[in-house]
Each structure stands twice: as structure tokens, then as C-alpha cells.
Amino acid sequence: MIDGAGTVKHMQERLGAEVLDARAPKPRRAFVRVSRGAFGEAIRHAVLDLEFSHLIAITAAEAGEEMEAMYHLACMGATVLTLSVRVPKGDAVLPDISEIMPNAAIYEREAEEMTGIRFEGLKDDSNLVLPKGWPSGVHPLRKDQTYEGLIKVRLDLEKG
Amino acid sequence: MVAYEIFQLVVFPGALFVICLAFLYEWVDRKLFARVQGRYGPLYTGPAGILQPVADFLKLISKEDIVPRVCDANLFFAVPVMYAALPLTALFIMPIAAPEALISFEGDLIFILFSFGLMTLLIFLAGWSSMSRFSAIGSVRSALQMLSYEIPLGLVLVCPAIAARSLSVSGIVQWQAAIAMWGAALQPIGLAVVMVCMLAELELVPFDIPEAETEIVAGWRTEFTGRRLALFRMGRDLEMVLVSALVVSLYLGGAQQLWLIPAAAMFVVKTAAVVAAFSFARALFARFRIDQMIAGMWKYMLPIAAAQVVLVQMGLGA
Amino acid sequence: MGYASTIKVPFGPQHPALKEPEHFLFEVDGDTVVGVTPRIGYVHRGIEKALELSTYGHGIYLAERVCGICTIAHTCCYAQAIEELMGIDVPPRANYIRMIMSELERLHSHSLWVGLVAHEAGFDTLFMYAWRDREAILNLFQELTGGRVLHAINTLGGVRRDISSEMADRIRRTLEHFEGRAREYLRIVRTEPTFLRRTRDVGVLKPADAARLNAVGPTLRASGIKGDVRRDDPYAAYDEMPFNVITSDSCDVFGRTEVRAEEMVESIGIIRHALEHLPEGVFRVRAPRNVPAGECVSRVEAPRGEDMHYARSNGTAKPDRYKIRAPTLANIPALCKMLVGIHVADIPIILAGIDPCFSCMDRMVFIRSGGATGRAR
Amino acid sequence: MSIVGEALRQLRRKPCTVRYPAEKVPVPPRFRGMPAWEMSKCILCVLCQNACPPGAIRLIGKGPEAEIEYLMDRCIFCEECAEVCPKRAIVMSAHFELAGFDRSKMVFRFRKERQPEPPKPSAQTANG
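Chains as they are written, first to last, in the numbering used here: chain A, 1 to 160; chain C, 161 to 478; chain G, 479 to 855; chain R, 856 to 983.
Note that these hints are calculated values from the structure, not bench results. There may be inaccurate statements among the hints.
In silico DSSO-like pairs for lysine-lysine, Cα to Cα no more than 30 Å straight-line [stated by the list, open to error]:
id, chain 1, residue 1, chain 2, residue 2
1, G, K796, A, K152
2, R, K879, R, K917
3, A, K123, G, K796
4, R, K942, R, K896
5, G, K796, A, K26
6, G, K486, G, K796
7, R, K896, R, K967
8, A, K89, G, K796
9, A, K143, A, K89
10, A, K9, G, K486
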């Protein structure tokens, strides 16, 4: 069963320069950031070859000027690889991985509505958690969304 | 004499007495069911909560009466009244105060069977007329349920009639008085089958599929509120009295005088025991699915009922 | 498929079978379900946004209120994540107390669930018995932590209250009685014919589907796969704890009931072992206010399954991003697979089968007036 | 039928439910009920105000007229204030029946003892 450092080594062997940042702070944790181009191959390598078959969650967050999507993958429920990729805010588009990971759709929908990263190829991208009439441009977890602004949006929704 | 007749019909063994019995038995049922589950049951209305059913009835009558816009109005108004009136009429042929009922004719047992079938038809109409998704499913289920328990019930109810050579309930009670023995001692299988089928008739737990609270809200009763719901609940209580009166009359010796205790008192004690048995039974089971119930009735109840009839024919139950 | 062959039956958000508002739109053909589309988010409260706006110390009370039943699981996960970022080591006694509390919570959550699934199947007596016996655990919580459901015992750097030896004896006595009850549920669940008819071969989830759709917790283990965070990725002091992971091969609601009932007995064993080996010493260390920059993934085995928190700090007193993924959200794809091809009457019992905690799943909180730390009256 | 034994045993036993308004279940010690300030010990250090996660405590005014305003409807009873108070002036009481119809009644003011006035018969009072 592969541990954190082993995962980092494998990814570096496979992707070489595409791996921008890789750390294994704990025996069963690995943090690897890959460039946007190599992301498709990296995730396929992790899921199919290294048997990281359990997608725990997809965290989408803002990192300075770019949007970052982190895929938390577990191998045999033990070692957790956080494969992250950064995309510019203007053109925040990532490939949908439903065909290799069927339960990714709900996490992608949530990431899409919360932070605005679009996943192309997502069949049903209706709001997972936000109410029906929520204005499409407003992404609550963006740093520019203040708390009072979001409450105003919700109150207009109830009135409107 | 006519005044006495009217008094008998309206007050003593008639309507008022039976309605009070209905409320009493609902209290017995709720109290025992609660005790089996480690709860107190009704407590605050009257001594030990005995007036709780009456309080519920009055509360429901004072509640707002919402009529869904799309419902079939005249059916929606008529069915609750009929549902309460039907068990009342059927109770007049039950011997309560004496081995001889108020009205008894040869073949009133068939009339009882017919009234059970009519009650399920009323339930179906109630659900169908309230035009809501849940009550539609509930009413279809109650009709399906009737198909499954009506035949074993009919078969088994005939056995005491064969033994007593009379198709009238009073006749059967007098036959049991004559041979000084309970029908149950002669036909125990019949009693078991009747109790199970009556659980289905009263829609008590293993068979409360038409108003499965966790699946279809309240089944065919979902759209009824206020006075209509009060009438439906009273109808259900009266049906409980009717069913327990039938079981007592056919199998437990009915309303017979036992040296000093008057017949009416014996009747009340025996029916209360039957209601307690129903209430204890409904605490022990989970709810069946409709297809399991129908399969179970046809595969198990029907052969047993048929076996009972064969036994009686061969003279064992006479 | 004819034009009107399937009708759409809405289920929820207000429905007696669903204790919390969720909406499932079922496509029903006759009596069998053909398609299901879940619509969640009715108790979406924005906890992740609120966590970004509140300091680490206050955030633990937000994490605690993600779900009413698995509060200790969430606070353990939160505390472990922030402690790892801070780089402080929690004293062993605190780890043991956290483990005892999370196992007690597993008992209280599973016995609540056994009652719920019995109620969904119409077996109200077992519902009453299960919830009556659960009171003993809630009273224990009240004595140990001062609260029946919201315990506020976990904090950054350890636990806030100690387990005295006299309290330990009371726990052992309560567990004595509770173990008898847990075995009684196991016997009833396995022998009651009407309950068996409603749970056997209902909501079938084959091992291949369970693995492919990444089910978690008892739902996964009831399909024969040994997946348990306490064994695979041990946290607190679980690596020193001898216990076995319960699995069952029946892959249906009956299997899930059996797994949960046996897990209750297993948890009692863990608590007893932990009480005997409770290390001496301090049970809390000081936690700094600012957290150095870094990120961490922390996982805990909540009663419903694997619960993951991701924290990223930027050196200030407030987290840069805090993600909570509760177990119920992970079971939704598996649930949708189970709900296809079943009888309409089985819907509530299959929904209850994965022990859904919808407020866990929605995780977000929008507080109506005033910010999380502001005090606008 | 596996539950018949238990059901029969249960019939004989006393029900386990409590008739709440009449019988009350005693609350164990160290229960986290509504907090109360002993203003004689309080040194107005405002530590509790900063420690309170929902922000239910506020100091109003300065010097002898200072008051602690406590909003019971915002409080989550987490005992952080009692833990952080250097003078142990805050004690979590055993009151948990705090439901009410009027939110304005859920605001409590704790005031220091006024020296100039003659000492009132009861110690400081928490009105509302």
C-alpha cells in the first residue's frame, strides 16, 4: 500500500517538470500541484495506475489571482493524495472526470456554483446546494463576496 | 312500549351506549399500546386520561374544515357521514344487552360481511374523492388489501354458522349458550384467522398499509380535516367496537348472563379483552408491504381458513 | 417508455419519513421507481463561508453545529486539522478522552438510527425501546460534558473536561446495561419476521457499485468492503486500540442494520479498553492564536462514515479556506443507485438505510442578522 | 414475534417517561445552563466579551456605572466566558427552561453594587 512519499516519487517520475510543487508532510498524506496541461494525465495516472480509487472531495478555492481546484483522492482508504491544479480566474475551466470517477459530479457541481470554476462535460450542472433562483454570477465562496452582500442577495431572492 | 323501543334503539344497547363504548375502547387501546412501549399514554383528561378520545373528538370538531378546491365535493361531504353511520347500523344486529339482539333475522351474518365490504368501498371513495396523490395511493392500497383478506374472513365466519345451524349472530350466541361452551373452544383456528383478518380490516399495524404514516403521510385520510376527520376517527372506533363485538359473539360466548353479572357487563368485559388483544398485537409487528401482504393472505390464510371449514364439515367443530 | 407511462412523485422537502428537509423527485412506472433526482440544500447554512470569517477558536463551535448527532466527530476533525497546522501535540490523555467520547457518540447515533429504521418500517415498539435506552447515553453525556447533544468538550489543544475515576465507573456501569440492550436489538433485528421481510433484499448495493460510487461508513461495510478510517488512517489513539471492523455480505438494509448494531457492541469494547488504559497527565495544552501558513487534510470516522475537513491557513487568526465534506454527501451517489428499481413503498426505509444527516450534507450557514462575529442587533 | 417477551415484561414495569411539568428530572452538577455574573467579583476586564463566539456579552459604560449586557437569545451556553474569566465571576447556572415569547425580556443587565445608595436588602439584582 503506497505511502505519501512514495506517491510523490511516482508522480514526479511520471510527470517530471509538470509537477510544480510536491510535499509529503505526514506518512499518509501527499500534496502535489500539477500544471494545467498535465492535469488530465496526472489524475488518470493517480486513479488508474496508483489505485487512488476513492475520491473523497473536490475543494475549490481562490489562490491570489488564480482559482485552485484540489482533488482529494484516497488509496485503499489510507493514503490521501491532494492533487491540485490552478487556473486563471478569467478562463476557469477544468475537464469533468465523471467517466473515471462516477461520484465526482456532485463535488464538481458544488465547486462550480460556489466558486465559479466551470467543469466542461458535466451533464447536469444545476445548483447542488444553492436555492433555485440564485443569480448565476454570484459565487459565495469568492473573497470579493462579503457577508452582508450575500445576505442581501438571499433576501432579494425571497422577496423577488 | 314504543318509547321503550326508541330508548333501546337510541340510548341503551343502541347508538349512545355504543358511541361511549367506542371512545372507551380507543382509550383502552391507546393506554395499553403506550404501556407496552414503556410510555404512560393519555394522562391529563379525566381520571387516567379516560376522556382523551372525547377531548380529541371535540377538538377536531372545533378545528377549521379545509375542503380541497379540486376535490369531488358531494362525495367529499357524504363519505365521512356514511363511514360513521355504517358501523352503527351493523351494531344493531349485535347482541349487546341480551343474547337476543335488537334486530335479528336469519342471514344477518351475511349482512355483516357485506357491511365490511361496504366500509372498504367507502374508504376507497374517500381517498379517490380527495384527489391528492397520497390519498389516491392510499385508497388503491385499501382496495387491494380488501381483495386479500375478505375471502379467508368470509370462509371462516361461516364456520360458527354451520356449527350453530343458523346464519344469525343472535342464533349463534344462543347456540353457544345452549351448549354452554365458547365457539373458540370448538374452532380455535377460526378464531386465529378472524383475529388476523380483523387486523387487516381495522388497518392495524402489520396491515396499516393504506395509511402508512411514513410513506404516504396519512393515506386516504390525508385531505380530511376538522369535522370530517372527527367523523372518520369515530367511524374507526365504532368499527373497532363492531369487530370486537363480532369476535365476542361468534367465538367468546357473546352477551350471556353469568350467574350474577348482567349480559351487558359480560359483553363489555369480553370486548374490552378483545380490543386489548388487538392493541397488544399491533405493538409487536412491523408493517408489511402491500405485495407481501396479499401474497401472505393468499398463500397462508386462505388454506388455513379452508382447512377450518373442512374440519367443521367433518363434524369436528360442531 | 410511453408518453405518460412514468409519473413524477415528489418526496419531501416536508415528508414524515424525512426528518430533515430534502427533496427527491422519483420517476415511478407503476409501482417501481425508474429514476431519482435528489435536490439538496434546504438546510444550507454557509458554514464554510462563516468559518472563513471567524477565528480558529470560535470556528470549533460552528463545526460542532454542522450536524446535531455527530458533533464530536466534526469537532475532533476540526481540532485535529488546526492542531496539525499549529504543529502542537495533543497530550495522550486528551486523545483517549476524545476517542471515548466519539465512541459514546457512535453508540448514541447508532441506537437513534436503529429506532429510526424500525419506525420507517412501522415497527414503533422497537423505535420506543431503542430511544428509551439511548437516554442512558445522553445522561452520561450530560454528566461528562454538561450538555446532552452539544458537548463543547473538544477544543484546540485537547479537551476541556477530564474523566474522573468515579465518572469512569459510572460509564462502565451504564455500558454494562447498554451492552445487554445492544445485543437484544441484534437478536430482535435478526429474528423479527415482519422486520426481516421489510429489510432483506431491499435497497441492494453490490460491492462493485459500493466501491465504484465511493460509499462510506456502514453503507460501504454492509456491502462487504472493509473500509474504516479508524483502521486505515488511524487518528487520535486508534492505532493502539484493538478492535475489528464489522462487515456484512448481505448488501441490503438488513445488512446495514446488522453492521450498525454490531458496531455498537464493538464500540462498547473500545470504550472499556480505553477506560482501563487511560494515560495520566494533563489533558489540555495552550493553543496559539495565529496559525502559520499551511494546509492539511484531516479525516475522522463519524457514525455515518468518513468525514473529511480540509484547512488552509495564511498565518492570520482566520482560516483562508475551510472545506467540510460530511459522510452523507458521499453516500448520495450510492443512494441514487439503490433507489432505482425498487417498490415505492420501500423508499423511506432505503432513505433511512444510509442514516442520512442532511444538515451535515448542506453544511452551510447564513446567519440572518449580524455577521458571525459582528454584533448587529 | 421476537419482541413478545420484552413487551410482556414492559407491561409490568413502570413507564420510563417522566410527567414533565409535574415531575422534573434533576440536572447534574457542572451542567451548562444560563450563565450569571457575580458583579462583586467582576473587574470589567472584557475578556468574556472577546471570548464569546456568538458575541452575546457586551460591556456598556465605564467606571462604577459600567454594566454587563448579556443576550440570552444569542448565547450558545458553551461556557467559554466562565472558563476565561480570571476572577471566576461567571457561573453557569442550572436553568435550562429559557423559552419565552418576548425577545426583549431575554436581555439581562448585570450592574455593580451602588455604594452611595443604602445597601438594598437583596444583593445585586438581575432584572428581567
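Here's how the hints hold up against the structure:
1. Between K796 of chain G and K152 of chain A the CA atoms are separated by roughly 24 Å; this keeps the pair inside 30 Å, and the hint holds.
2. With a C-alpha separation of about 42 Å, the suggested pair K879 of chain R and K917 of chain R falls outside the 30 Å cut-off, and the hint is violated.
3. About 36 Å separates the Cα atoms of K123 of chain A and K796 of chain G, which puts this hinted pair outside 30 Å; it is violated.
4. For the suggested pair K942 of chain R and K896 of chain R, the alpha carbons sit about 6 Å apart, so the restraint of at most 30 Å is met.
5. For the suggested pair K796 of chain G and K26 of chain A, the alpha carbons sit about 23 Å apart, so the restraint of at most 30 Å is met.
6. A distance of roughly 46 Å separates the Cα atoms of K486 of chain G and K796 of chain G; the hinted pair therefore is violated under the 30 Å criterion.
7. With a C-alpha separation of about 9 Å, the suggested pair K896 of chain R and K967 of chain R falls inside the 30 Å cut-off, and the hint holds.
8. With a C-alpha separation of about 23 Å, the suggested pair K89 of chain A and K796 of chain G falls inside the 30 Å cut-off, and the hint holds.
9. As the CA atoms of K143 of chain A and K89 of chain A are separated by approximately 12 Å, the hinted pair is consistent with the 30 Å bound.
10. Taking the CA atoms of K9 of chain A and K486 of chain G, the gap is near 52 Å; set against the 30 Å cutoff, the hint is violated.
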